[in-house]
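Those sequence lines, one after another, are chains A and B. Residue 293 in numbering that gives the first Met the number 0 sits at position 294 of the first sequence, and the numbers go up by one each step. Residue 276 in numbering that gives the first Met the number 0 sits at position 277 of the second sequence, and the numbers go up by one each step.
Since the hints were made in silico from the structure, they are not lab data. Errors might be hidden in some of the hints.
Simulated pairs of lysine to aspartate or glutamate, EDC-like, Cα-Cα distance not exceeding 20 Å [unchecked claim]:
1) K125(B) with D291(A)
2) K342(A) with E331(A)
3) K317(A) with D194(A)
4) K165(B) with E238(B)
5) K293(B) with D115(A)
6) K272(B) with D136(A)
7) K88(B) with E318(A)
8) K88(B) with D115(A)
9) K319(A) with D178(A)
10) K297(B) with E237(B)
11) K282(A) with D114(B)
12) K88(B) with D194(A)
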Amino acid sequence: MIAFFAIYLIINLSLNLQLGYAGIPNFGLVLAFTGGAYTVGWLPIRLCMWVFNIDSELGADIAKNNVIIVSQINSHIQTQPLIGLAVFILTLIAAVAVGGLLGFVSAYPAIRLRTDYLAITLLALGEVLSIIGQNYDPLVGGVIGILAPDVWGWSGGSRFAVVSLVLFLAAIGTLLTLDLIARSPISRTFRAIRDNEVAASSMGKDVTKVRMEALVIGSMICSLAGALCAFYTCYVGPAAYGRLEWTFLPWLMVIFGGLGNNFGVALGTFIFVALQKLIVFYKSSFAFLPFDVVWLEYLLLGSIILVILVFRPSGLMKEKQSRTMPKTRLEEIAAKVLAKSSKESRASNAKKNR
Amino acid sequence: MIDPILMDAMTYSSLLGIMTFGLTFVRRTTGVWNIAHAGLVTIGAYVVFTCVSFLGGNPYIYFLLAFILSAVVAVVEYLLIIEPLRRRKASTTMLLVSTLAFDLVMLSILNIYADYLQNMFSLPSKNFLLRKLDFILFDEPGIFWVSLSFLMIFLVVLYVILNYTKIGIALRSCVCNPMLASVSGINVMHTNLLSWFISGGLAGVAGGLLPLWMQGKPVVGDSLLALMFCVSIVGGVEEIYGTVLGGFLVGFTQILVTSALSIVLGAAVIPYKTLIPMAILVLTLLFAPSGIAKVNWKKILTIVKFGGASKRKI
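I would like the entire structure built from these sequences, with the hints used as guidance.
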């Protein structure tokens with residue numbers, strides 16, 4: 000649960016940055032997410048083969064010899080954890096770069112469009128990578144998919160705990176970073192454009208450029224989530240990255256938690272993931288039902304969102320007013336300004352009386 | 000006998016057009032992009048499948064039922080979700096999200112229903128094809144004639160309704176300025192209800208046609224959702240005939256270009272045919288963002304005829 004909470008939190012925070020702060024309805028989250036996952040399916044194997052000097056004949060058809068290659072790589076990583084970590088970090092950097100590129104490419108033709116058109120266009124373009132991945136075997140093994148090296152293999156029996164901890168820390172890191180960004184000038188520019196494009200433009204802001212920046216940054220974070228997810232499962236299969244799981248559910252979680260509030264998004268994500276896991280946990284109790292219980296989960300989630308949208312559209316936690324400085328400092332400045340103005344008015348009154 | 004590739008292209012394009020009619024119509028008349036349109040299409044497919052499985056007979060006789068059921072669900076969606084949100088002045092993005100949530104609910108119900116049919120009645124409800132039940136006319140399958148006829152009928156009917164009737168004027172005025180329309184004596188809610196009813200019904204008929212052409216499954220509508228949006232945007236939402244233009248452009252390009260490329264480059268290119276609509280979408284957004292129905296062909300032809308230099312003189 001911790002691992003999936005962390006992955007969903009990262010992708011949801013990226014959506015919150017794009018939608019909540021910049022007002023960009025990115026319905027193509029799955030594109031960047033898949034990009035990050037594909038990077039994990041493509042890069043680490045080749046990197047490790049080069050580092051560990053694995054038989055180059057096997058490398059002639061990586062998709063076909065995938066199991067043999069990955070088992071050899073994993074046996075090396077078990078004894079050399081530092082190389083595993085280096086590969087992990089390098090791949091994450093590459094995944095972030097790929098996400099940025101995908102964000103730019105998908106945004107370029109559409110970023111000037113009106114909100115709803117932009118959403119629909121991004122939704123349609125989100126499919127592209129999945130189609131390529133399923134049909135071009137050398138990328139990530141086609142429909143069957145590909146195994147990725149287990150960079151956490153050195154941790155042995157405690158692998159699950161180690162990966163969960165790393166993912167959790169990554170999610171918390173993203174949350175804190177985005178919360179800092181939320182209080183920065185760029186976030187205020189995002190909000191200004193979201194609230195009134197014309198006014199922001201008249202103040203000298205390049206609306207298209209700023210929106211593009213938001214989409215690229217969001218896609219980079221989303222791609223990071225995809226890469227972390229692939230490293231967690233050690234498997235990359237194009238069929239595993241569907242629009243429902245990696246675009247629609249994050250949207251619902253963000254709306255549920257509260258747009259424009261990172262901590263609200265974290266709360267919404269936690270409740271959703273916990274609910275999902277509870278249903279999976281008690282699945283056997285519903286064995287008498289003549290259908291798969293997983294559909295009850297989606298039914299419940301969809302209904303909750305509809306209720307939230309109708310009765311509490313701001314979500315669980317409302318967007319907070321952004322402060323440029325700490326509250327106490329702002330109060331000090333306000334007190335000084337008030338004191339100064341009252342002093343001046345008193346002086347002018349005294350002058351008049353004289 | 001018509002060339003099989005041409006027949007494929009025409010049937011596919013017609014189906015795309017029929018599926019997208021409802022989507023474009025509701026966007027044109029109420030300003031909402033309805034993601035749940037995918038679910039409404041799937042409902043149509045399941046109505047026909049259920050009736051054929053339990054009652055037998057030709058699938059075409061159940062199209063009216065598919066129309067009514069999908070239309071009723073669309074009306075429920077409007078009354079329960081869209082109207083209350085509109086009253087609260089929800090943004091277009093929020094309306095879009097609400098249709099997404101409704102689609103998720105429908106997807107779940109359809110999957111539960113398909114599971115139920117499979118487990119209780121041993122029906123192949125997760126993957127069904129009704130081609131065997133189709134009739135043959137002039138050596139061609141009935142779906143070819145029916146889809147083409149439906150496309151033309153819907154086009155004419157919707158075009159006439161929107162442009163030459165009082166209801167059409169009311170529908171268009173409600174999306175332009177609901178307040179003014181209301182002041183002029185138009186019942187905005189009833190007009191919107193009609194719009195959602197027609198849109199849902201069209202989705203139901205399109206869904207009913209689908210299993211006669213491709214595998215029906217609980218996600219059949221959702222798997223075609225991106226394609227429907229492509230057709231709608233490529234054609235343009237301002238004119239209802241844009242949907243037919245978009246459908247035929249996307250459908251024909253997808254099938255004819257893929258078959259031409261497969262002759263030159265080999266069969267390996269065939270799986271990538273789903274990328275063609277995305278490429279058309281990107282090109283449309285770059286060069287004709289309002290869709291091909293809104294392109295000023297006269298102006299372009301004049302420029303081509305007289306050249307760029309003499310354009311000013313014209």
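Hint check, failures only: none
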